[in-house]
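Colleague: Spelled out, the chains give:
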Amino acid sequence: MSASLTGGERLALLERMLLMRRFEEEVISAAAAHKYIGRNHLYIGHEGVGGPALVQLGARDVTHSTHRNHGHMIARGVDPGKALAEIMGRAGGLCGGKGGTWHMTDPTRGFGSTSAMVGGSIGMSVGAGFARKQQGEGVSVALFGDGVLDEGISYEALNYCSKFSLPVLFLCENNSQEGAHITSMLAAKRLTDVPASLDIETHVVDGADAEAVHGCVRAALAKIRANSRPIFIEAQLARWPGSHQMRPEHTTGVTDMSLVWDEARITGEHADWVRHHDPIRLYAAKLLAAGAASKDELLAIDARVKNQMAAARAYAEASPFPDASAALENVFA
Amino acid sequence: MARKTFATGMLDALGYALQTDPTVAVLGAWSFIRDRGLPIEQEDAFFDRYGDRLIDPPTSESVIAAMATGAAVCGMRPFVNFGTSSFAFEAWNQMINETGNAHFMSNGQLKAPLVFHMYCGIRGGGAAQHSQSPQSMFANAPGLELVLPSTAADAQGLLRTAIRSDNPTIFLTHTKLLQWMGDTPDGDFSIPFGKADVKRAGRDVTVVATSLMVRESLAAAEILAKEGIEIEVVDPRTIVPLDSAAICASVEKTGRLLVAEEAVATCSIASEIITIVAEQSLHALKAPPVRVARPSAPLAYAPTLEKAVTPDADKIVAAVRRMLNK
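Those protein sequence lines, which keep their order, are chains A and B.
Numbering follows this note's numbering, with no gaps: position 301 of the first sequence is 301.
Numbering follows this note's numbering, with no gaps: position 299 of the second sequence is 1299.
Please note that a few of the clues may not be correct.
[Stated by the list, open to error] Each pair of labels, with its calculated beta carbon distance range: (1) B:Q1280 x A:K306: 56 to 66 Å; (2) B:D1035 x A:A226: 32 to 42 Å; (3) A:A91 x B:Q1280: 29 to 39 Å; (4) A:A12 x B:I1276: 52 to 62 Å; (5) A:N307 x B:G1108: 28 to 38 Å; (6) A:D199 x B:D1035: 26 to 36 Å; (7) A:A32 x B:G1108: 29 to 39 Å; (8) B:K1195 x A:Q135: 30 to 40 Å; (9) B:K1326 x A:A91: 56 to 66 Å; (10) A:A326 x B:D1021: 31 to 41 Å.
[Stated by the list, open to error] Straight-line alpha carbon distances no greater than 30 Å define the calculated DSS-like cross-link-like pairs of lysine-lysine that follow: (11) B:K1307 x B:K1226; (12) A:K163 x A:K189; (13) A:K223 x A:K189; (14) A:K163 x B:K1111; (15) A:K133 x B:K1111; (16) B:K1286 x B:K1195.
It should be emphasised that the hints constitute simulated quantities derived from the structure, not laboratory data.
These numbers were taken from a predicted model, which means no experiment stands behind them.
Ideal Cβ placement from N, Cα and C applies to all residues, glycine included.
Bound-form chain B, shown alone (with noise of 0.2 Å):
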């Protein structure tokens, strides 16, 4: 075992794959590896082994976007950093209507695998344009895979499944987990997508969450607990392909679900999960089930106005004792 950050266990999937394949290429480099906390000598030592395959484009969205998918369907592994998830709007039409699409209009002719990998969430002071958390929109978009990983090991893990991956797969990454330890196996490894994790278990409600919720709902986990409430905290950790058997089967358990995600609810990922469940489980929930997410409102920038809507783990814990009356 060895104790890393979240952002030493991407770096370290990402110089895995470099090193062991000659395709792989990294596309917005600088604010992937600089600036994240790493040891200097760590991110020199990045820039001397692979730096003819690290590329710090023009701020080009679009044509980033669409230069990958090109180089994909070439036979290259492209790694795109686009930085702030709100960036890659500017690439929207590239992603959604051409990476996502190629391999299923082609009927199988043509393969893009590359990864799209941005920084989401409500990181402290962003505003509406730098706290977003697209995730539901890309669910929405068939012919992309989605990975939110919540610690250091499923970050490197599933970072390595996401680059050995055929298909694009979009990697998104909560500012906030970035400084986040974890203990992550030695060397070199994978976690297979569509595989949920119980970071916890419990027995009287199952919480499904998502990226820095998962660090939420830990932490209500433990304030619950203290009042004799074990809450079971699941991480799908990948949302296509999403493991809705390990959802069901908590819920199955405990009769009760809470979904918390920090996107806005209409239309989330957590309305999703929680439709998923009403079509198979619903005999075995005991209450309504519940989402703890944002309003639909853009994000405000004032410190108070942002917590007032952020989703954490006292909103989780409250929530909690209202399912059970407590």
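Just chain A, with the same shape it has in the complex (with noise of 0.2 Å):
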């Protein structure tokens, strides 16, 4: 039994990874079928980092996210059909599709507003924190890269946070660890160095292990809360293999739960990151280890989240393209 979940909600938690998950081959399939235009950044192979960070979040918590945003959405519990429906750009998106796959936000899920400049956000995330550091309620949580800290904006975040003792989870996925598409230039030797140079306290933690990564974001969030300063949690990633690409593919294929127990049959191409790096094949691999659920529980999860995602794509593939008029409404409150 992990110290912080029953076994409820470690299966809760797998089910909402796995969402994460089906979602965004939902999206693969779809732009497959041309239904939308527009480059996406898909967040297979981070789920163990934002499904366990962001379900501890409560009402009055923030998040800020990024290009890579899907997945934080899904993870906040955000209306997965009209997620997809406003990446398909439609009606019935959750931005009436005027953000797309770049901007979508939800408020009603404690989301900001999303940007997909590269350290775009992590400012607003300062903001949101002052503002619920003077309502007296609330955290902030930064989404962001590892290439935000090449950016110039990080490091005012981070010293405004720091010396004005805001209540800020400044998590960041690194996924520039190994392979051909690293983002991060940062001529530290750590990405950590930077907050803890400027007196923020950090946390190392593998992103592949979302027990890890929900162990280290609960201790931090609880001590922000409690104090009002700024965290650092640097969560390291192997990239997935298919992340740098202008139209999405099933780079390593479609997820297929028997591979959970069934690890014979992983091979091909990119079977190191299936066997090593897939953080819900390793989540549910040692649900499954700990006899904290049986194959028939984890096909059963399964068979839901992809009811669920069947119902979402019928939901948006029937919304219809906003009207022509909608270009010029919501400029102005």
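Take the two lone chains, each set in its own frame, and fit them into one complex as the hints suggest.
Modeller: Below, the structure written as structure tokens:
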């Protein structure tokens, strides 16, 4: 048994992570069917960070996300049908088709404005922390990738939060660990050297280990709520082999739950990622080995998720494109 | 009626806002309140009264703009004072890409009610980097309201509206206007956006002027009146939204249009106003419209060079005489 999660919570977390995965697989299949335009930055491989981190947040807690926001949305309980419709540019999308994959947001689930600029949202997270401190309840969670530390504003944001003791969790998803697509060009040896130099408590956690992330974030949130000091967590991830594509593909295959218990069938070019870095397979295997879930329970969870995504896809497909008149609406409040 | 400076008018508006709305907070308080020619007791009283919401952040314009936006979306009404407007260029991505777009990108779900205040214009010896007039740059970025007050009363009333507005508002104060005295209504009052003010009525030429150029145009009007020429000085007060109806109505009356603006003429507010009049009231024009604005060159430091390109009352007078062949 995990130190911080009940049996039911563990299964619920796995189900949420699987929904995040199946959502992205639906995005890939919808893109292949030419249902929408635009580049998508998929969250595949990150579910072990956003899932366990964000399911812990309360209604007053604010998150700011990035171009890689799909998983964050689903993790916080955003309606997957409305999210998929938004990515497909439909009127029934979260933002009526105006934000698309880049700028999805849902304030009813605690999201501020989603920026697709590298470093665009980390500063707004500081503002959310400022507001919540003034208002006396809630914390702010800044979600961003390793490349953001190459931007000057990250230094300003970290400095401001530390100087003014704002309740902000900086959760950096570092997928620049290896491979050909390194996005971090930081001269410091460790990403955490930057916040540490500004008197911010830092932690490094294995981003493929959902329960390790859950525990690390849980402790950090408790501390931030208690003393209103920022904390920086670097979740280290192996980059998903398909993450750099302009047109998304099922690079590592459609997730196959039977690979959880039938490892011999893991083959092919990306077998290493599936075997050692897929956070969903790793977590399901952990629960299976611990006796926390049976094969049948895992398959039942997957069946529920697939049904939910089928309904989401149907909703999105049925939603019309927005009327041209909407192009000039909501410029001003 | 109360007689006060432009700076006092703004401070009174900010004071009323802080007093009546606990969500108002000031980022960059010191340079807005200190060194603006106010009595020191007035400055101190302000800090004593609202100190917990008067914040002086690090010199980090980018995160200041970003945090104001994040806080505004979360229920605050931040008033940001950048100081000199060119400092705001450090925050360009945040203001243009994030703040101005947040409401639209979210399809109206998010609101960013905040004010970005900055000092603009040729202040004397500012050279190229401390004399910027960025108004048309902001006007070209959808989603930002743009205010250019010219008098104490307008400064106070428009700032009240700006802080109450649910939209992000750029509020540009010309440094040379800070000590200009004017009559203001007593107590708390506000002036709506998108309503031009005819600062002086006249029959011969419509002079649309913004910010400091209103004062210069009124000075020009005095000189021209002695020659029997009556110009009508129209102050749009807000550029976004713009009261184009009032401008066109004046041109329909006078048949002549001059736009006085201190910014560089290329793609300026003046260019936009002339375009609107050409589109809507071309039939009324008896002469080609004229811009009195800066040529497209960085501003030099030396006083002689600065004066050579700075639009002022004399240049407005000369342009009006040329328009009337006098």
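Colleague: State for each hint whether it applies.
Modeller: Right, here's what the structure says about each hint:
For the pair Q1280 (chain B) and K306 (chain A), the supplied restraint of 56 to 66 Å holds, since their beta-carbon distance comes to about 59 Å. A C-beta distance of roughly 40 Å is found between D1035 (chain B) and A226 (chain A), which places it inside the suggested range of 32 to 42 Å. As the Cβ distance of A91 (chain A) to Q1280 (chain B) is approximately 34 Å, the hint placing it in 29 to 39 Å holds. In this structure the supplied range 52 to 62 Å holds for A12 (chain A) paired with I1276 (chain B), their Cβ-Cβ distance being about 59 Å.
Our hint of 28 to 38 Å for N307 (chain A) and G1108 (chain B) holds, since their Cβ atoms are close to 32 Å apart. Judged by the Cβ atoms, the range 26 to 36 Å given for D199 (chain A) and D1035 (chain B) holds: they are separated by roughly 31 Å. For the hinted restraint 29 to 39 Å between A32 (chain A) and G1108 (chain B), the CB-CB distance of approximately 32 Å keeps it satisfied. Checked against the given bound of 30 to 40 Å, the beta carbons of K1195 (chain B) and Q135 (chain A), roughly 34 Å apart, stay inside it.
The hinted window of 56 to 66 Å between K1326 (chain B) and A91 (chain A) holds, with their beta carbons roughly 60 Å apart. The beta-carbon spacing between A326 (chain A) and D1021 (chain B), approximately 32 Å, falls within the hinted interval of 31 to 41 Å. Restraint check for K1307 (chain B) and K1226 (chain B): satisfied, since their Cα atoms lie roughly 25 Å apart, inside the 30 Å limit. Restraint check for K163 (chain A) and K189 (chain A): satisfied, since their Cα atoms lie roughly 24 Å apart, inside the 30 Å limit.
Restraint check for K223 (chain A) and K189 (chain A): satisfied, since their Cα atoms lie roughly 27 Å apart, inside the 30 Å limit. For a cut-off of 30 Å, the pair hint linking K163 (chain A) to K1111 (chain B) stands: about 27 Å separates their Cα positions. Annotation: proposed proximity of K133 (chain A) to K1111 (chain B) holds, straight-line Cα distance about 19 Å (limit 30 Å). For the hint linking K1286 (chain B) to K1195 (chain B), the alpha-carbon distance of about 26 Å falls within 30 Å, and the restraint holds.
Comparing the model with each numbered hint stated earlier shows that all of them hold.
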